[in-house]
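Input sequences plus hints: build the corresponding full structure.
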Amino acid sequence: MKTVLTVLRKDLLLELRGLETLPAMILFAIVTFVIFHFGLNRDTIDGQLAAGVLTVTLLFAAMLGINRLFVAEREQGGFDAFLLAPVDRSALLVAKATALFLFLVVLEVIAVPAFGLLLLGPSLGPALAGLIAVLALGDVALAVIGTLVSAIAVQTRARDLIGPIIGLPLLLPALIGMARGAGPLLVAHGSSGPPGKWVAILALYDVVFALLSYAVFDFLLED
Amino acid sequence: MLRDVSLDVPAGSTLAVLGRNGAGKSTLLRILATLLRPHAGEVRVFGEALPRRGFAVRGRLGLLAHDPLLYRDLSGRENLGYHARLHGVAFERVEEVLEAVGMGGRADEPVRTLSRGLVQRLAVCRAVLHGPALLLLDEPLANLDPAATELVSPLIGRGCGATRVLTSHDPQAALAEADLVLGLEDGRAAFVTSPDKVDAAAVKRLYA
Numbered sequence: 001m002k003t004v005l006t007v008l009r010k011d012l013l014l015e016l017r018g019l020e021t022l023p024a025m026i027l028f029a030i031v032t033f034v035i036f037h038f039g040l041n042r043d044t045i046d047g048q049l050a051a052g053v054l055t056v057t058l059l060f061a062a063m064l065g066i067n068r069l070f071v072a073e074r075e076q077g078g079f080d081a082f083l084l085a086p087v088d089r090s091a092l093l094v095a096k097a098t099a100l101f102l103f104l105v106v107l108e109v110i111a112v113p114a115f116g117l118l119l120l121g122p123s124l125g126p127a128l129a130g131l132i133a134v135l136a137l138g139d140v141a142l143a144v145i146g147t148l149v150s151a152i153a154v155q156t157r158a159r160d161l162i163g164p165i166i167g168l169p170l171l172l173p174a175l176i177g178m179a180r181g182a183g184p185l186l187v188a189h190g191s192s193g194p195p196g197k198w199v200a201i202l203a204l205y206d207v208v209f210a211l212l213s214y215a216v217f218d219f220l221l222e223d
Numbered sequence: 001m002l003r004d005v006s007l008d009v010p011a012g013s014t015l016a017v018l019g020r021n022g023a024g025k026s027t028l029l030r031i032l033a034t035l036l037r038p039h040a041g042e043v044r045v046f047g048e049a050l051p052r053r054g055f056a057v058r059g060r061l062g063l064l065a066h067d068p069l070l071y072r073d074l075s076g077r078e079n080l081g082y083h084a085r086l087h088g089v090a091f092e093r094v095e096e097v098l099e100a101v102g103m104g105g106r107a108d109e110p111v112r113t114l115s116r117g118l119v120q121r122l123a124v125c126r127a128v129l130h131g132p133a134l135l136l137l138d139e140p141l142a143n144l145d146p147a148a149t150e151l152v153s154p155l156i157g158r159g160c161g162a163t164r165v166l167t168s169h170d171p172q173a174a175l176a177e178a179d180l181v182l183g184l185e186d187g188r189a190a191f192v193t194s195p196d197k198v199d200a201a202a203v204k205r206l207y208a
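For the protein sequence lines, the chains are A and B, in the order given. The first sequence runs 1 to 223 under our numbering. The second sequence runs 1 to 208 under our numbering.
The hints are simulated quantities; they were obtained by calculation from the structure and are not laboratory data. All figures in this text were calculated on a predicted structure; none of them were measured in a lab. All C-beta atoms in this analysis are idealised placements derived from N, C-alpha and C, irrespective of residue type, glycine included. The reader is advised that the hints may include incorrect statements.
Now the stretches of chain A that chain B is said to cover, found in silico as 3 or more residues with beta-carbon under 8 Å [claimed, not checked]:
hint	stretch
1	77–87
2	144–157
When the alpha-carbon atoms are kept at most 25 Å apart in a straight line, the in silico DMTMM-like pairs for lysine to aspartate or glutamate are as follows [as the list claims (entries may be wrong)]:
hint	chain 1	residue 1	chain 2	residue 2
3	B	197	B	170
4	B	204	B	179
5	B	197	B	185
6	A	2	B	170
7	B	197	B	179
8	B	197	B	108
9	B	197	B	186
10	A	2	A	80
11	A	197	A	46
12	B	204	B	177
13	A	2	B	92
14	A	2	B	185
15	A	2	B	95
16	A	2	A	218
17	A	2	B	73
Have a look at this one:
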């Protein structure tokens, strides 16, 4: 746990200093909402369409963060320095996934209200608690799978290409779960909570990939 | 690629590895540092077989490579603090090594703003922070002026107390530091001998 906090603290400090990832993710999400606004030629959207627009935007914004997650480790020797330390290597996975999860939370704190202002018809208020639950479960999937994919992609020369090519298919079930879970919440007088089936699928997907990532991450760090 | 390299380095001694660019010097150091997995053969560090027992070795060795292994957007003190936490070293040790290399006054500047020589001093601090028993030194004096070389000498020089494996493109300087010399030619051991028995012509051939 101490190692996880050490790496996480370092990652957050690096992001605060460089501001390379989060501003890009946030700007991308807001610009995408504006593009959807004009592309769909609609002032407001709701229901499943709104959920689709929101989750697809968050997914693509997350890809920006995923692509950059291990760049400092690769380019500045962070991998070697970590591997030379007498620590559990899976701490790097947990720390990176936690950092990405926190980036996604910050992104959503800004992007979801912006979505409510720019595109969403119904008020966000009644849906907020359910939406937070769905997004949190989706964020865990994005963070865990994104960390795994990023660790693979960063070892290749075409990391900006490999990330989406491997990551998007793996993230598709999570995207479906998030969209289906959020859809009933984003209608006027809609459901107060997300559908249990999709919440369960998201949670199961999170657990499966968390275990899978824990099992294989050590091998990804081998040169 | 390394082939037919076989030698023992006694504890507390210094092995100098000579050879031109691409001869395999850095590869040898990375294998000893547990960062590269050998495809065949046997490598033992502190009697522990690598890579299987790598976890028993990490933390007891320090690597000073071409890359300083420092984050450019963090200051020297922040970088060393990070490494100290990873190695379970008290923060007082960070100040101790910073003072030793004359970096106490500039340790709060981002690494990206420092000259190569100052970054190399910080890299020396990082490599010795946890008091390793084995130092793997790849061109350790690169970018250091004579005054800085003198400053880092107690930490990575002959008197530091650690077993050392060092590479250098300067054969004379390396021979002066060594108890044992390995000449590498295209990944193969051209000679393994004591410094006083090194044939000048053989050394010249290594760099031809």
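Hint check:
1. 77–87: holds (count 10)
2. 144–157: violated (count 0)
3. B:197 to B:170: 17 Å, holds
4. B:204 to B:179: 20 Å, holds
5. B:197 to B:185: 18 Å, holds
6. A:2 to B:170: Measuring from Cα to Cα gives roughly 42 Å; hence the hint is violated.
7. B:197 to B:179: Cα-Cα ~11 Å, so holds.
8. B:197 to B:108: 47 Å, violated
9. B:197 to B:186: Holds, at about 22 Å.
10. A:2 to A:80: Holds - the C-alpha atoms of residue 80 of chain A and residue 2 of chain A are around 19 Å apart, at most 25 Å.
11. A:197 to A:46: 21 Å, holds
12. B:204 to B:177: Holds: residue 204 of chain B and residue 177 of chain B sit about 18 Å apart, inside 25 Å.
13. A:2 to B:92: This hinted pair holds, its Cα atoms lying about 19 Å apart.
14. A:2 to B:185: 44 Å, violated
15. A:2 to B:95: Cα-Cα ~21 Å, so holds.
16. A:2 to A:218: Judged against 25 Å, a Cα distance of about 18 Å means the pair holds.
17. A:2 to B:73: 23 Å, holds
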